[in-house]
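Engineer: Take a look at the letters that make up each chain.
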Amino acid sequence: MSNTLLNVEELHVHFKVYGGILKVLNDVALKVNEKEKVGLIGESGCGKTTTMRAIMRILPWNAIVPKAKIYFKGKNIMKMSDSELKKLRRGSISMIFQDPTAALNPVFKIRDQLFDIVRYTNLEVGKNLSKKETEEEAVRLLREAALPEPERILDSYPFQLSGGMRQRVCIAMALASAHDLLIADEPGTSLDVTIEDQILRLLKQIVEEKRTSIILISHALGAVKGFVDRVYVMYAGCIVESASTSDVFREPLHPYTKGLLAAVPKLTGGGVPEGIKGRVPDYMNPPIGCRFVTRCEYAMPICERKQPRMINAGNNHEVACFLYGE
Amino acid sequence: MRLTTYLAKRIGYTVFVLIGLSILIFTLARVLPGDPARMALSPRAPEWAIERLREQLRLNEPLPIQYLYWLRDAFSGSLGESLVTRRDVLTDITEFLPATLELLLFALIFDVALAIPIGMLAGRKANTWVDNIVRGFAYIGVTIPAFVFAIIFLLVFGYVLQIAPTVGRLSPGVMSPPKITGLITIDSLITGNFSTFVDAISHLILPSFALALGPIAQEARITRSSVVENLNKDYILASISHGLPERRIILKYLMRPSLIPTISIMGLDIASLMGWAFLVESIFNWPGMSRYGIIAMLRKDLNAIVGVVMVTGLVFAIANIIVDVIVSLLDPRIRMIERAK
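Chains as they are written, first to last, in our numbering: chain E, 17 to 342; chain H, 97 to 437.
So here's chain H without its partners, still in its complex pose (with noise of 0.2 Å):
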């Protein structure tokens, strides 16, 4: 199967799922005690303007009509309209996204940048004392959840140290660039804003690296393992025993077999960064979907908390997809045997 119809079945699947979630989370949400109308009102606010809101959510009508329409309206572009800021969910949520998004790409760039290379280090190393060292922080990085690292990075470097911007997207007096992308490192490299490129930069690195923490030290450990499994494997000592040169068996030979595990292990991560986002968000003021989210958790705002959870998992289907394909142009035995299905 070539690989644009392989794109295409994973994702036909991927729709599936997003409307199982939809059901799930639309269901869910409207199970839990609380009257969200009454929520959204006042608690002095009469009971026929309480009775008005309920109809025009339509919620005196049963579940599952509910969420015909619901999915009727999605399908036409809307998500309905929140009931905190009394505009589409789909209006808020692309205003949100791409502060978190972008947190998530510099997180993901740490990941990457890091994790191999102190994984590959490491198992080459293996049982050394750079291994050991490797080890130790990887056990710290794995316990210790990101959102301690937020708050240990805000009070040393941000409060006492003072060498990075603790707060938001930009400094206080520095203007956004015009929205193109909404990722402010992004549009100011092509509106020419340079100065605004380094301020958002300098603001990313305490949150993005607190949340990467995590992931750097997972797969740097499993980088590790597997690359200490593949180099006592037999076809590594014959690369040797050929001849070949250290650095081309390392980089072509023994990388890409090992790196294998790593990638799809990263997929998995990705999903965990949407979810501690979440927190490292709240403690850096950072302007994504973490507040917007929690305030609609909190408020029962129905249409926005389905809404955030389905940009969640969109995310987290289209990295898998992602990831699926990375994994299988690695390893040709996954690609056969996926395609083949």
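Just chain E, with the same shape it has in the complex (with noise of 0.2 Å):
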């Protein structure tokens, strides 16, 4: 067994909004080993961007975090002073955004944006580079997001870029202080399909060379197959599911996961497949027990009244369901 990097414990995360309280994260636990690729799943506004906001504490104003444990290397994010995180997002963990356009600053060219990326996390160990340094650097990152003319790149505007090369851009600069941690959250859904698919590939070819960990976020299990060891599914702001990447194909166990898997089209034809029924519970007013069970079609009594908690099916296959036990 590898040692833990990152154990998140008992993270709830709450927005205040116009008219009430958004209880959105309610008791997410993930564990990320050294080396391991994770993947986070679960259907759009079930809280895979806010858990990992909340791990590179950049949550927005609103947000409330009641309880939350986050183990980086034993040392809990939650209690670091700013010196520390500032440590800890210049040399440990990196987070890749969504949509690339959005991530990159409008008004800078990649240049002024990289090289204060590149300065800092330098500086942070000890290292103050000079300006031909910085830019040796900045070009070297750019080659490693697989990014041809790493010189013109520099002397661009984002919005001169193309959709891949931003995200690209946004990958080199996540590279220069993702030393333990890549945080990727659905780094192609803004692209197209291709180029979706090389961003992962790139992605997954960096983290096995440079042997560092990554989480990836994706609403498609289909996208992650290929890439993760481990997968957690995520429903409505709960870890539903958690089990090596095989386990969670072969046997699903939440009904959740099971209908995920059903939702994808076949190329074997046989149509669009149904989906699951029903939508996203109210965050405002949240059910008592299981968040799945107004879509669940083997809920019983106790779903109602009892919220599951994780338990393990063997084979480190985890679940949160009262189908299987307590």
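Keep in mind the hints are simulated off the structure, nothing from the lab. Take the hints with a grain of salt, since some may be wrong.
Claimed, not checked - Pairwise CB distance ranges, derived in the manner of DEER restraints:
no.: 1; chain 1: H; residue 1: L217; chain 2: E; residue 2: N78; range: 17 to 23 Å
no.: 2; chain 1: H; residue 1: T101; chain 2: E; residue 2: D128; range: 24 to 30 Å
no.: 3; chain 1: H; residue 1: V111; chain 2: E; residue 2: V141; range: 57 to 63 Å
no.: 4; chain 1: H; residue 1: R168; chain 2: E; residue 2: D128; range: 50 to 56 Å
no.: 5; chain 1: E; residue 1: K32; chain 2: H; residue 2: R106; range: 46 to 52 Å
no.: 6; chain 1: H; residue 1: L425; chain 2: E; residue 2: R325; range: 55 to 61 Å
no.: 7; chain 1: E; residue 1: A236; chain 2: H; residue 2: V111; range: 37 to 43 Å
no.: 8; chain 1: H; residue 1: L217; chain 2: E; residue 2: G90; range: 36 to 42 Å
no.: 9; chain 1: E; residue 1: D208; chain 2: H; residue 2: R429; range: 20 to 26 Å
no.: 10; chain 1: H; residue 1: I414; chain 2: E; residue 2: N78; range: 41 to 47 Å
no.: 11; chain 1: H; residue 1: L120; chain 2: E; residue 2: H235; range: 57 to 63 Å
no.: 12; chain 1: H; residue 1: T123; chain 2: E; residue 2: R168; range: 54 to 60 Å
no.: 13; chain 1: E; residue 1: K32; chain 2: H; residue 2: L425; range: 46 to 52 Å
Predicted model only: the values in this text are computed from it and were never measured. Think of the CB as a built atom: it goes at the ideal place given N, C-alpha and C, for glycine as much as any other residue.
Put the two chains together into one complex; each comes in its own frame, and the hints tell you how they fit.
Structural biologist: Structure below.
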């Protein structure tokens, strides 16, 4: 068993909005080992990005974190001082945002933005780079992100680049500081499928070469199938299932995961699959019991009263569902 | 396109705008009821004298011909004689304009120095008591017109507290510095006359601050909302997630995109400043363009009316060119689109 790198326990995140409080994340727990590739799967709005932003401590101002333990290498990120956080962000964890167009500052050249990142990440390890060294490092990072003509990219503004190029620039920026863990938030969703595929291949190649861990977020199980070692399935702010990738595909346990797998259209025909009936619950008044209860075809009386806890169904396959005991 | 070509093009457009403006105001001034010749001479002036003045002013010619004569004179450096001062309007304007420009300049300095930091602060502390106070004052500043502030300042600081002078540009007995730019503060600094400089500043503070309050409130509000908007943008969160220092994020990555709307609005605010300056000048007995302009309108001093409006238009046009250049320097997208045209 390898060492645990990131351990999230009892993560709750609420949002204060006009008219009440949205209780989005409910007791999220996940674990990432060193050099492990983890996937976080769930539909839009289920709290995947919020979980990652909580880990990076970049939640918006109206977020409330009533309870959270986020250990990185044994240290609680929630209790870190500003300088410890800075060290963490500059040297250990990095995040690639979902939309590269929004993640790049529109009024500065890539050179301005990337140079700052390179300079400060190196300053953190005691290296004060000269302008020439900064440029060399920036070019190296762009090459690593498989961008041709790095010099031209440096002199461009974000709006002068294509979507795929922007995402690669964001990857290059993340590579400057992702020495332990890379968080990739749906890194190809805003791009077309061929580019998305290229980006995913690139990321896989990079994390395998650099032997860093990665959390890959996606709304599609298929997209992570050939990539990650382990999958967490998230529904309405709760982790509902966790297992090795092959187990999830071979034997999904949670009714939601089953529904997700069944919702993938098959090349062999049979028309468009039905999908999962119903809608994501209202975060302002979430069900007291299991949050999936309103859409679940196996719902039992207990599901409405009590929240299911994660139980081990054997072979490290965990599921939060009363169908499997308790 | 290079900046110089861009500027040349903008200035070219401005000439057309100003010619359009001159046609408009020239016609408007002349179609209003009232005979300027009769108003210029005394009510008991003999008919032949009035008729002679009308001839002299070419008021008996058709309107387009009158305009062409005016245009010809304008290009040879004369805006025609004022019926009130009996001098060339251009001479009058060069005498009164510097006082108004100085007032506007100081109002702008107050504006930039206060609106941007206040807006940035309120935006960063959004929905806290700091922000609420700023928003409260901003509402007051936006809704109350400048002349009300001018009267309040005059009463409170000039009359009750007596901490600042309220009349004119200099205290009685203080010699005006030799005219170089016409702006007393600058001229006194150039000639090294420091006490005159201080006296001039003390006279400027109340009127220019009264004038600036509206734009300060307006621009602080705009800066605040664009800071709030940008703070939640992914690119700011990304900068934080890369561990950049807070100061650098705020002063570089947050400030630049946040200031673009503020500076654009500033161009419009300069125009309203010119308008409000007329009233504020009257209240503080400021020897600027306002008294000249107001008398010109009351006495139907045709050439003076056209001259004052043209100069106001020119100042507005120049201010907007400067604002557009600054915005295009701040925002590469605007720069590339504008200059690609």
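Engineer: Now tell me if each hint is right for this structure.
Structural biologist: Status of the hints after comparison with the structure:
Distance hint check for H:L217 and E:N78: the Cβ-Cβ separation is about 19 Å, which falls inside the suggested range of 17 to 23 Å. Distance hint check for H:T101 and E:D128: the Cβ-Cβ separation is about 26 Å, which falls inside the suggested range of 24 to 30 Å. Range check, H:V111 to E:V141: Cβ separation about 59 Å, and the 57 to 63 Å hint holds. Against the hinted window of 50 to 56 Å, the Cβ-Cβ separation of H:R168 and E:D128 comes to about 53 Å, which satisfies the hint.
Taken as a hint, the range 46 to 52 Å holds for the pair E:K32 and H:R106, whose Cβ atoms sit roughly 47 Å apart. Between H:L425 and E:R325 the Cβ separation comes to about 59 Å, which falls inside the hinted range of 55 to 61 Å. Between E:A236 and H:V111 the beta carbons are some 60 Å apart, a value that contradicts the proposed interval 37 to 43 Å. Judged by the Cβ atoms, the range 36 to 42 Å given for H:L217 and E:G90 holds: they are separated by roughly 39 Å.
The supplied range of 20 to 26 Å is met by E:D208 and H:R429, whose beta-carbon atoms lie about 23 Å from each other. A hinted range of 41 to 47 Å for the beta carbons of H:I414 and E:N78 is consistent with their spacing of about 44 Å. Distance hint check: the CB atoms of H:L120 and E:H235 are about 60 Å apart, consistent with the given range 57 to 63 Å. A C-beta distance of roughly 55 Å is found between H:T123 and E:R168, which places it inside the suggested range of 54 to 60 Å.
Checked against the hint of 46 to 52 Å, the C-beta distance between E:K32 and H:L425 comes to roughly 39 Å, which is inconsistent with it.
Violated hints, in rising order: 7 and 13; the structure is consistent with all others.
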